[in-house]
Structure formats: structure tokens, C-alpha cells
Amino acid sequence: DAEITQSPRHKITETGRQVTLACHQTWNHNNMFWYRQDLGHGLRLIHYSYGVQDTNKGEVSDGYSVSRSNTEDLPLTLESAASSQTSVYFCASSESQPGELFFGEGSRLTVL
Amino acid sequence: GENVEQHPSTLSVQEGDSAVIKCTYSDSASNYFPWYKQELGKGPQLIIDIRSNVGEKKDQRIAVTLNKTAKHFSLHITETQPEDSAVYFCAAPDYKLSFGAGTTVTVRA
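Residue numbers (our numbering), protein chains in the order written: chain U, 399 to 510; chain A, 41 to 149.
Nothing false has been slipped in among the hints.
Between beta-carbon pairs, the in silico distance windows are:
id, chain 1, residue 1, chain 2, residue 2, range
1, U, Ser465, A, Asn43, 25 to 33 Å
2, A, Ala149, U, Glu412, 42 to 50 Å
3, U, Ser482, A, Ala149, 38 to 46 Å
Covered stretches of chain U, going by a simulated chain A footprint (3 or more residues, C-beta under 8 Å):
id, segment
4, 432-440
5, 494-502
Okay, derived cross-link-like pairs now, EDC-like style, lysine to aspartate or glutamate, Cα gap no bigger than 16 Å in a straight line:
id, chain 1, residue 1, chain 2, residue 2
6, A, Lys82, U, Glu401
7, A, Lys111, A, Glu96
8, A, Lys82, A, Glu123
9, A, Lys77, A, Glu123
10, U, Lys409, U, Glu503
11, A, Lys111, A, Asp67
12, A, Lys62, A, Asp89
13, A, Lys108, A, Glu96
14, A, Lys82, U, Asp436
15, A, Lys77, U, Glu503
16, A, Lys82, U, Glu503
17, A, Lys77, A, Asp99
18, A, Lys108, A, Glu45
19, A, Lys77, U, Glu498
20, A, Lys62, A, Glu96
Just so you know, these hints were derived from the structure itself, not from any lab. Here the structure is a predicted model, which is why all the values come from computation and not from measurement. All C-beta atoms, glycine included, are put in the ideal place defined by N, C-alpha and C.
Kindly generate the complete structure, drawing on both the sequences and the hints.
What follows is the structure, given as C-alpha cells:
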């Protein structure tokens with residue numbers, strides 16, 4: 399079955415370190431998204447991509463970057479992790495836009 | 041982006057009763073309105089969606105109603121069961137899917 403997987407599922411890092419969260423989908427969807435989830439804020443869009451070599455900033459993009467070198471992967475990089483970036487991160491993909499989003503299981507990141 | 045307000049933030053219902061969650065949005069150009077359910081430790085999953093050319097859509101015990109004039113849409117869950125306990129999110133896209141803040145639903149046995 400096609401799926402979307404995130405890794406790592408849990409990570410603890412220190413302030414100032416670079417962190418990369420991986421997202422891989424096997425649906426061949428062109429559209430991919432990264433969200434962060436924090437209590438009281440729901441899901442907030444960080445970055446998104448509509449295809450290879452395409453990346454766009456979302457609502458809360460400061461301190462994050464993404465790259466899209468192939469259809470399957472959209473890694474999220476925190477250039478210099480800050481405590482404010484402690485959160486649960488969700489990757490999602492969709493076939494159409496707007497359309498159903500398929501979410502990964504999430505990556506819980508703690509920045510100490 | 042799209043401003044989506046979701047109410048209530050928490051909802052406790054007796055098993056068998058109905059639950060209603062309401063969302064309001066600001067972008068009159070929106071025409072796709074999904075609802076997602078998130079169980080503990082998992083990613084959100086689409087449970088029902090509606091497009092602006094219809095006013096109501098049902099799928100077994102869940103339904104979504106849309107009032108484009110008033111710019112609000114609601115999720116209705118009838119005959120609630122313990123497995124309905126979860127966090128529910130509405131969304132109203134401005135081509136990037138803005139989400140509401142979520143409603144934590146607890147079904148009491």
C-alpha cells in the first residue's frame with residue numbers, strides 16, 4: 399500500500415544544532431506540506447511544495463527550510479534549532495489542491 | 041492566509057448524544073471544506089469534506105453543513121460512541137489549507 403512516512407519519530411537536540419526531519423511518500427503526489435502542531439494553535443503551515451524544485455513559505459517559515467529534489471521526499475531542515483521550535487511536526491501530501499491531505503504519523507522534536 | 045475560527049475548543053458529550061462543531065472562515069472564494077479527525081499519537085485523517093456547490097453531506101453518523109452566505113460550516117456527529125473521542129479540525133483553504141485550532145471531543149460512557 400502507498401504511504402507517507404516520517405523519520406525520526408522522536409528527537410531531542412540542543413539549541414543551535416541543525417536538525418533534518420525526513421518525509422517520504424509513495425503515492426507519487428506532487429503536493430507536499432510541512433505543518434507544526436502546538437497546543438492552542440492547531441496545525442500551522444511551515445513550507446509546501448507543488449512539485450520537484452518548487453518550494454514555498456507558509457505561515458511560520460522563519461528558521462526552517464525545505465528542498466524538493468524528487469517527487470517522493472520533502473525534508474525539513476531547522477538551520478539552528480531554538481527552544482521555540484519544540485513541537486510535533488507533520489508532513490502531508492495530496493494529489494489535488496485543494497484536496498484530501500494524507501498525513502504522516504508525526505515527528506516529535508524537543509530542543510533543549 | 042485564511043482565517044479559520046473553530047468552536048468549541050473542548051466538547052464533552054454523553055455516549056449516544058450528538059456533537060456539533062462549528063467553523064467560520066473569512067475568504068469568500070473558498071469552495072472546499074474538509075474535516076479531519078486526529079487520534080492520540082497519530083496524524084489527522086480526513087473524515088468528511090464538502091464543496092461549495094452543496095449545502096449538506098452525510099456519511100453514516102457524521103454530516104457536514106455549509107452556509108456560504110454566513111461563511112460557516114459545521115460537523116455533526118450523531119449517536120456518539122467512545123471511538124469518536126478525538127481532536128477534530130476544520131480547514132478552509134486559501135490554496136494552502138489553513139486549519140482551525142481544533143476541538144477535543146470526549147464521549148462519556
